[in-house]
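Student: Numbering-wise, my numbering comes out as the position in the sequence shown, counting from 1, plus 1223.
One should not assume that every hint holds.
Pairs of lysine-lysine, DSSO-like flavour, derived with a Cα cap of 27 Å [what the hints assert, rightly or not]: (1) 1553 / 1570; (2) 1892 / 1921; (3) 1570 / 1497; (4) 1459 / 1497; (5) 1892 / 1940; (6) 1447 / 1459; (7) 1447 / 1420; (8) 1940 / 1921; (9) 1447 / 1497; (10) 1455 / 1420; (11) 1459 / 1570; (12) 1251 / 1311; (13) 1631 / 1553; (14) 1826 / 1731; (15) 1641 / 1571; (16) 1553 / 1495; (17) 1459 / 1420; (18) 1420 / 1553; (19) 1826 / 1726; (20) 1731 / 1553; (21) 1758 / 1726; (22) 1311 / 1420.
Ranges of calculated distance between the beta carbons of each label pair, as one might list FRET restraints [as the list claims (entries may be wrong)]: (23) 1901 / 1589: 14 to 24 Å; (24) 1409 / 1816: 32 to 42 Å; (25) 1832 / 1703: 24 to 34 Å.
Just so you know, these hints were derived from the structure itself, not from any lab.
Note that the structure is a prediction, hence the values are computed from the model and not measured.
Glycine included, C-beta positions come from ideal geometry on N, C-alpha and C.
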Amino acid sequence: MIRSVDGQMPTLSASRKQRPFSPAPQRKILLVSINIPKNNDPYGSLDTFVFGHVPVVFLIAENANTAADMLEAHPDIAVVIVDVSGEKGESGLALVRKLRTELDNRTIRIVLLGEATAPGETQNRFLDYDVSDYRDISEINLPKLFTSLTIALQSYERLVTEEDNKQSLQTILDITRELYGVRSVEDFCLTILTQLKVICKNVEDCFFAIPNEHTGELSVTAGKGGYVTANKQRVKEVVDEELFGMILGATVSRENIFTDVVSILCISRDDKLKGVVVLENGAPLTFLETRQMELICANITLGLENADMFEEIKRLAFNDSLTGLDSRAKFRSDVQQYIETVARPEKKKVAVVQFTLEHLPELNIALGHDAGDELLQFVSEQLTQLFPNAISLARTSGNGFGLCLPYKTTRELKQIPKTIHSLFEHGPSTRENLPHIVPRIGLAIYPADADNATTLWRNTNIALANLKVRNGSYFCFYNSAIANDINARVEMNNALRTGIGRKDLSLKYQPQVDLDTGTIIGVEALIRWQREAGKFVAPNEFIPVAESSGLIAPISEWVLQEACRQRRAWLDEGADDFRVAVNLSLSIFQNDDFVDLIRKTLKVTGCPPRLLELEVTESVIMENPEQTLRNFRELRDLGVSFAIDDFGTGYSSLSYLRQLPVSALKIDKTFIDGLTENGDDAAIAQTVISLGRSLGMKVLAEGVETTDQVEFLWSAKCHQAQGFLFSRPAAAEEILPFIRNPGFTTFTQKSLF
1224 MIRSVDGQMP TLSASRKQRP FSPAPQRKIL LVSINIPKNN DPYGSLDTFV FGHVPVVFLI
1284 AENANTAADM LEAHPDIAVV IVDVSGEKGE SGLALVRKLR TELDNRTIRI VLLGEATAPG
1344 ETQNRFLDYD VSDYRDISEI NLPKLFTSLT IALQSYERLV TEEDNKQSLQ TILDITRELY
1404 GVRSVEDFCL TILTQLKVIC KNVEDCFFAI PNEHTGELSV TAGKGGYVTA NKQRVKEVVD
1464 EELFGMILGA TVSRENIFTD VVSILCISRD DKLKGVVVLE NGAPLTFLET RQMELICANI
1524 TLGLENADMF EEIKRLAFND SLTGLDSRAK FRSDVQQYIE TVARPEKKKV AVVQFTLEHL
1584 PELNIALGHD AGDELLQFVS EQLTQLFPNA ISLARTSGNG FGLCLPYKTT RELKQIPKTI
1644 HSLFEHGPST RENLPHIVPR IGLAIYPADA DNATTLWRNT NIALANLKVR NGSYFCFYNS
1704 AIANDINARV EMNNALRTGI GRKDLSLKYQ PQVDLDTGTI IGVEALIRWQ REAGKFVAPN
1764 EFIPVAESSG LIAPISEWVL QEACRQRRAW LDEGADDFRV AVNLSLSIFQ NDDFVDLIRK
1824 TLKVTGCPPR LLELEVTESV IMENPEQTLR NFRELRDLGV SFAIDDFGTG YSSLSYLRQL
1884 PVSALKIDKT FIDGLTENGD DAAIAQTVIS LGRSLGMKVL AEGVETTDQV EFLWSAKCHQ
1944 AQGFLFSRPA AAEEILPFIR NPGFTTFTQK SLF
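Given only the sequences and the hints, what does the whole structure look like? Please build it.
Tutor: Pasting the structure below:
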């Protein structure tokens, strides 16, 4: 039965208006070595002293030794009055010193009764011993003594209040620190109850209730003691009618209620009820307990809102609002849990599937994002129907989904990507001219490919990446060879970045020969990369890595500038009769500022435009024909010449080719290698030579390594050649001596010229 302070059942109206407190603690005053005559002494009627509503108790010690024992036995003594007159002075002051130093009591107030002293001496005693007052014992009377006691007690109350405030603040800080890591509403409520029980020693049973966001009805969110099993139950079902009435009264008035046996804290913000804390304290709370609870109550609201916000963030993080499917984080969590609880103990096989919808951005552009959202919703609904036994099904990115499925046979496993692909054979709309949405599917298997969700998901990414590289199928199963290949590319990419910073790249120059005269008509700049161990990496190994990682642009710019700088250096040495050829990648050639880059490079290096030849492949030319034609014409007007590299390996329109200001065609080495053994290669080479001549272009054969190849090319009227037969790529300082004295033994054969 719950009783109020006066022992009667409280009415609701009284509960709302009153907050009974337990009586304030009594204050103790110790008199040391003071004789108090029973009759006619000037300060013997101490029982008439009043200090507000606070009870005062006087304790008496006949000497300093007894006083010292009493001070240790009663650490809550508020004021000590010590007679330090005459022969009592030394022992009295020793007691004061012990009180301040040995006992380290800085709160107790001290009043000294002694003999008249000089003002300076009294002041020193005040400073040395933190004395509240010093009275001449010969002039003391009851009013003066009561005045000193009142001042001393007021000072004591201030110190106690300050200490209580510090304790309250520390309690609040401790609770705040405790709540900092709480991320759920239930954990928050439990933490609050735990801390309140620490403050209120007599509390055993308590609970935290939160109103339903729709009905407003209070339900228990967390409980302690007798309410530990009441979680999620309605408050009116777990308390008696009288207590429930008091709780309702607190929620209506938005005020706290404190009685002898129950405390109700009302948690609200902007007059909106956030929750109610009910504590059955069994005994009246002290003033400090009540004060601390109210301070905590004032800070609970914000913490509760933060915990609620974290739960909402968690919900959003684990759920996709558009499709209703799980998020990627929830997907990985569910997969890991299934592996640990089912797949591993029962030795089951699991397929983790990731697939993306190619061309979804084009659909959003063509028909708007509503159409894209409609497709995503359609896919999620169909997946739910097609895979009802899925361990987890999630939307993992803007255009991606994840599936985790158990399987038994290889046939079941292979059917998974086919089933997913079938969704897109007939989409959700019959509208024409829609971009063709195609799934790209990557699969990884437990336990063959990995033993945890994180690695399995990463392996599906690897499978998808390999699928884009292959570009020949709509699905790919992970295997370690794919991972090794990707890891090798990543390692090479990192090493290449480091090598660029360390200036490990260099240029070699391979001479180009006129087959009619045997003179050197040009050199091609060829990039070389020497890694830190001294090993050279072949260009066909690192150039694709540079192209895929975006490093090809800065590399190409460096090659262009270095080749032009070197050509200027040769010109300064008197070599004015050959050009330097630089091969360009697609990324640099298609830049809008490509022409400006060439113009700036020529200006900075001082290389004349007529000594620079740019080599581009057919694929680069046909990527953007209109821009290619503009770039060619602008640079031709500047004086730069062009050659088409690897001619015959790609495809270009002959009518378009005639419009380009190209000065040379280069026959790819693959055709030259089989020139004297393969009739098809010989026919292609002969056709390219004839085509070049008919278009008024020079024709240069790459990769010439034998005299038989030279004889064929010469008889077919090919203009120029380069290859190991003439010279391997050489360092810049070797080029001019070689040009001045090539020493071609091949050209001693008169029949070639």
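Student: Take the hints in turn and mark each one as holding or not.
Tutor: The hints, checked one at a time:
1. 1553 / 1570: holds (23 Å)
2. 1892 / 1921: Holds - the C-alpha atoms of residue 1921 and residue 1892 are around 17 Å apart, at most 27 Å.
3. 1570 / 1497: Violated, at about 49 Å.
4. 1459 / 1497: holds (17 Å)
5. 1892 / 1940: Holds, at about 17 Å.
6. 1447 / 1459: holds (17 Å)
7. 1447 / 1420: holds (9 Å)
8. 1940 / 1921: holds (10 Å)
9. 1447 / 1497: With Cα atoms ~20 Å apart, residue 1447 and residue 1497 stay inside 27 Å; holds.
10. 1455 / 1420: holds (21 Å)
11. 1459 / 1570: Status violated; Cα separation ~49 Å.
12. 1251 / 1311: holds (23 Å)
13. 1631 / 1553: With Cα atoms ~25 Å apart, residue 1631 and residue 1553 stay inside 27 Å; holds.
14. 1826 / 1731: holds (23 Å)
15. 1641 / 1571: Roughly 22 Å between the alpha carbons, so the hint for residue 1641 and residue 1571 holds.
16. 1553 / 1495: Cα-Cα ~33 Å, so violated.
17. 1459 / 1420: With a Cα-Cα distance of about 23 Å, the restraint between residue 1459 and residue 1420 holds, given a limit of 27 Å.
18. 1420 / 1553: violated (36 Å)
19. 1826 / 1726: Given that 27 Å is the threshold and the Cα spacing comes to 23 Å, the pair holds.
20. 1731 / 1553: violated (55 Å)
21. 1758 / 1726: This hinted pair holds, its Cα atoms lying about 15 Å apart.
22. 1311 / 1420: violated (49 Å)
23. 1901 / 1589: 14 to 24 Å: Since the Cβ atoms of residue 1901 and residue 1589 sit about 48 Å apart, the hinted range of 14 to 24 Å is violated.
24. 1409 / 1816: 32 to 42 Å: Taking Cβ atoms as reference, residue 1409 and residue 1816 lie about 60 Å apart, which means the hint is violated.
25. 1832 / 1703: 24 to 34 Å: At roughly 52 Å between Cβ atoms, residue 1703 and residue 1832 fall outside 24 to 34 Å, so the hint is violated.
Violated hints, listed in ascending order, are 3, 11, 16, 18, 20, 22, 23, 24, 25; each of the other numbered hints is respected by the structure.
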